[in-house]
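Hey, can you piece these two chains together into the complex? The hints should help.
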Amino acid sequence: MAEIEVRDIRHVYDQGTADETVAVDQVNLTLQDGTANALLGPSGCGKTTLLQIISGLLQPTEGQVLIDGEDVTDKPPSERDIAQVFQFPVIYDSMDVYGNLAFPLRNGGVPEAEIEERIQKIADLLELDDILHSSPSNLGPELNQLVALGRGIIRADTSAILFDEPMTDVEPARKLTIRRRVKEAQQEFEITALYVTHDQHEALTFAEQVAIMRDGHLVQYDTGENLYENPVNTFIGHFIGSPGMNLLDCGLTQTNGAPHAQIGPHEISVSEDIHSEIDLNWTDCQIGIRPSSVTVQVADPKEDTHYIPATVDQVEMVGGYQILTTCLDDTDVEVKARVAHDFMIEEGASIWLSFPPGTIQFFHEKQAVHAS
Amino acid sequence: MGIRVENLHKSFGTEKVLDGITIDITDRSFFSVVAPTGAGKTTLLRILAGIESADAGTVYYDGTEMSDVAVQDRSVGMVYQEFINYPSLTVRENLASPLQVSDENYSAEEIERRVQETAEMLKIDHILNNLPEEVSGGEAQRTAISRALIKEPDYLFMDEPLANLDYKLREQLRGDFERLFSEQDTTVIYATPQAGDALAMSTHIGFLHDGKIIQKALRDEIYYRPRYLPVAEYLGEPPMNIVPVTLVQESTSTDRYFEVDEDTRIPATGFDSLSPGEDYLLGFRPQDMRLSENGEASISPALSFVETVGSTSTLHMNFQGREIYALHPDPVHLDTGTSISFALDPQKFYVYDPEAGDLIATGSSIPSFS
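Keeping their order, the protein sequence lines are chains A and B. Numbered continuously in this note's numbering, the first sequence closes out at residue 356. Numbered continuously in this note's numbering, the second sequence closes out at residue 442.
In case anyone wonders, no lab produced these hints; they're calculated from the structure. Treat each hint with caution, since some may be false.
Below are the DSS-like pairs computed for lysine-lysine, each with C-alpha atoms no more than 30 Å apart in a straight line [what the hints assert, rightly or not]:
#1 B/K88 / A/K159
#2 A/K105 / B/K195
#3 A/K159 / B/K223
#4 B/K195 / A/K350
#5 B/K420 / B/K284
#6 B/K420 / A/K159
For reference, chain B alone in the conformation it holds in the complex (with noise of 0.2 Å):
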């Protein structure tokens, strides 16, 4: 029951919005496209609902093309950011309508078992009997998705639906989404710009940059192995760090460094592979930069400030011109301008090619997928 969609193009005017997307979506997967908004993940989701047709390429649900089957004879539902509910019908109403006006005769009671049923599952049963001017805005937008998700369809393309929702509340849907999903046979078509949403709730993931989806693959090996970049860079809280360097190796030693300036080199123990003189990018996350006490420090930025939540800081930094985060899982109370310098394991290494921007070698830490 899986999607596949193969070369497909899409423009709006001369601006190019999707060029050339092969993906296979996997059956009862939790797909997520992720990339910054005005990247093209609307058009795409449009797309692969049947809402908009392509310029070129194909679309197939299950192995069937579906270029001439409309919307409405497809097993889809719809979410968007922006909710829609009928005005003058209960929340109750509004969750069983979809149910009323379909060709499958749903028996009364199987409509009030889903209705209920849904209702819980998204915590609007208590207000079931109001009107949705009557509810807040978190729980007109649930009933929303409760009325996408009523009629169980076969592939539930969702864009954007907690942009506009509580933090508190984003939170809880996030859980309630990935435990909720795992266990339907609803393959889940997700957009998002959030890489924290998609990393929370997705099984897959792929990444939508310049029209093409440059990387589609589990969540786990997207995240621990971004073949790209612009991938890296956006996939992670904060952001994997990117540092331009120059491999080197003395003629006198086998030490191996990256070298970022002349007071600055980072040891490349373990990078074989890699050619003495050439120009790198070395990435590395926040996570895995340690506070270093006893003089072993690898790099020296300069601290711009601090944020602390709950019992994590982040330290925004400036290192060589570039924005630099560390993550630090502990409180830490540091003021502006304090010299901090940290110690790196290569063996948590990232490399890119600095002109491709694919990755090119990683530390012996960094989990592979086959």
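Chain A on its own, in the form it takes in the complex (with noise of 0.2 Å):
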């Protein structure tokens, strides 16, 4: 097990034609030893040169990679030890589940005594015990997938592991169950690993941490709770959470002493400890606030004016959840709130909702404005 770094990678393709694409540029990246990580984006992001980069299959125009500080940049990917799983499992047809996992220690000339040991330490966890001695044709692609996880760590020196989207050929129903295996193989061996996937649910249940990457930079790299809480711009704040945080352009004003979001006629509180960050002449503001956030009121809260009257416009059951669509009355301005599946509304219904200031982002030129 090891510890992998990326310094100062940046990768051009078809450096010095007319098709030059920078891939990826000043990403630097440190993944502790033995940690769960991710590395989440949409498609064009970068991920999977970055990804190919750190495997050894791509060299990068610019930058270092380390494992646990040696310089492997010039290595080929034989030399790394690095594990990976692929989109599709990759595995030998000719040979049963037992033949596949022993295959990488038999080439490493392990004694079969401890290679059995191995294997059953492997199958224990990852509940392939009954199918050690079938087939891999017979089985189906999730099946294989986890003897292609068992057979990337079952190696002792092995020093990271590598999933690019390895939940692709997945049937949906499987996918809970696959999940907690590969998850609990991760943290049995203590492996380092590195998930590549767009799917976000699948990067914050595997991973610790996740990098989030965008137009070949990463954006945050952080714990899924600081991703979803404390999103350093509004990309990460729109990209993470399903459906992502609600992002409503305000102007400013002054209430009560006190600055304000303004939309429409309607003015909402914000967080009191950014108050004295908040410069009224701004523009291009925005709030931010989760839809989980969003308080949802059914009957008319009369006096308390903490609530904004709203229209549904759309009722869909995302996630085990009902979201709202809502419009916020005279405004265009649109909001999602998200209420128990069993929670009875009509699209049409009026509805008041209300913006806990604790749970509400404040965005300017769509940064983060923080507490100092």
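Next comes the structure, spelled out in structure tokens:
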């Protein structure tokens, strides 16, 4: 197991030609020994390029890759001891599951008794005991993917494991259980792992820390909780969360000596600890609030002025909850709010929303404003 | 303009794929066929569209029998999982091509208007002058969807069109589709293994199981009242938890319980129609499980691990040798092995017959549909 570091990585495809493209730029990232990490971003963000640079399939245009402090930038993949699990399982159909798991060890001259012991441990963990002597061609893609994972981590000297969209071929109904087994294996073996995906659900459930890339740059490398609670900019706010953070264009106004966000006729309090950071002359401001933080009230709250009237435009069932898409009255501002799966509401209904100040983020020129 | 299907059968060799499908697809509805991969969804769609023939059975469009009508003579659009565009034509030309080859003689202005409108809807208006090879995978796929939509067909068949798209784009398109098709006259028939996609977009859902549509209903009805176990176990994120129980009632009391084992009894308040001594399968949704605080516990499963995404935690647990899940609306921080208990609300229970697998009773707060 090892620490993986990339330093000042820049990668340019077709350099010097008309098709020159900068795929990765100014990326610095350290994956601590034994941790689970994910690399997340929309297609074309550079995450696959960075993965290939770490595994050694690509030489970066600039920058270094270090494994436990040793510069391996010029080393081929075979000398990096990094295991990979690809989109589609790569396994040998000519051998049974046991043979596949044993393969890297037999190649390394490990005694059979030790091989058996290791395989037993892996099989217990990944719940493969019943299929050890089955042929991979008789198993579904998800079991084969677990076999590929097992083969990747079976060698004691594996420094890290890289996953490249490993759930692509896994049946949706099987994903929960496969995710659990992959995660348990990573934890049990304390293996440094990097999981590349466009699917935030997979990234956030697998990783302790997630690196989010956009247009070749690393935007935020942080815990799932921080990415969700404290996005550094509006891109992260929108990208993380399903649906993403509500980002509401607002003006600024001073009421009772405190800055408030102004949306149409509605005034919204912002967290007190950023009052001194806000300049009332700012333009290009947004407040951000998670759909799960919006409080929904069906009955007219009358005197309670914290509530803003809105109309329900759309009701969707998403991830075990209902997401209401609403429009704030007297504006064209859309706000999404999460309610329970059995909350009874019709499209067109009038409701009232409130935005608890402690749950509101404030963005100026797309960047988060924090208390100093 | 709906579709009616009567007693459709289809086999490939000895493998029976469709085994007597009879459904009515409501005009202008968004009908999703949901099933795991390999259950025959694609075959059903192809037969409905007229691309493939059935061994037996009849398909009607708006009351007209369609057996002898070729696919090119039907007002249908098709969108596949793998998208097909003309590589030598720009995105604009790709979108315009179905209109140009049509018998309808669209004017140049009409073609341009529709291209622009459709491109804006699917957010590809910025790449109209690019070739397919110059755009991202997601954009190429949206181009193909636009081509199917541009003729505003009466019937649009979509076979897992979101499968290869980025998560964020998929999320956005789910919302767009729901909005778009609720305003259009098109009847949409959509095949997907993703329960989440179907629940987010559809007006109606049919569940395909063992070659039959075992339940077809309004979206809310099939979600709140899954009539059969396979539907209950599939249509949910995460799926409904199912636990084998026996109904017990002590001779000295009127209280009834669902007994899981000697130590675990779950109140069966309100289930008067069930018989003491009988075995049942008890179902409860992960969202309806509440971590208990003051000892009012119904079940105490073993926690395998916790996944937290944003404000929601999914608890993976082992209970009586089964995997069960709880969904918690706030992040929970619990280590594997922590002992936890849940309070369950009998008003939100589902009871299934262990042999036939059909729904025989529900708690009082489960909505009913007539």
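Hints versus structure:
Between B/K88 and A/K159 the CA atoms are separated by roughly 27 Å; this keeps the pair inside 30 Å, and the hint holds. With a C-alpha separation of about 50 Å, the suggested pair A/K105 and B/K195 falls outside the 30 Å cut-off, and the hint is violated. Our distance criterion of 30 Å between C-alpha atoms is broken by A/K159 and B/K223, whose separation comes to about 37 Å. A threshold of 30 Å between alpha carbons decides the hint, and for B/K195 with A/K350 the separation of about 22 Å falls inside it, so the pair holds.
For the proposed pair B/K420 and B/K284, the alpha carbon gap of about 28 Å is at most 30 Å, so the pair holds. Distance check on the hinted pair: B/K420 and A/K159 sit about 26 Å apart at the alpha-carbon level, within 30 Å; holds.
Hint check: violations occur at hints 2, 3; the rest are consistent with the structure.
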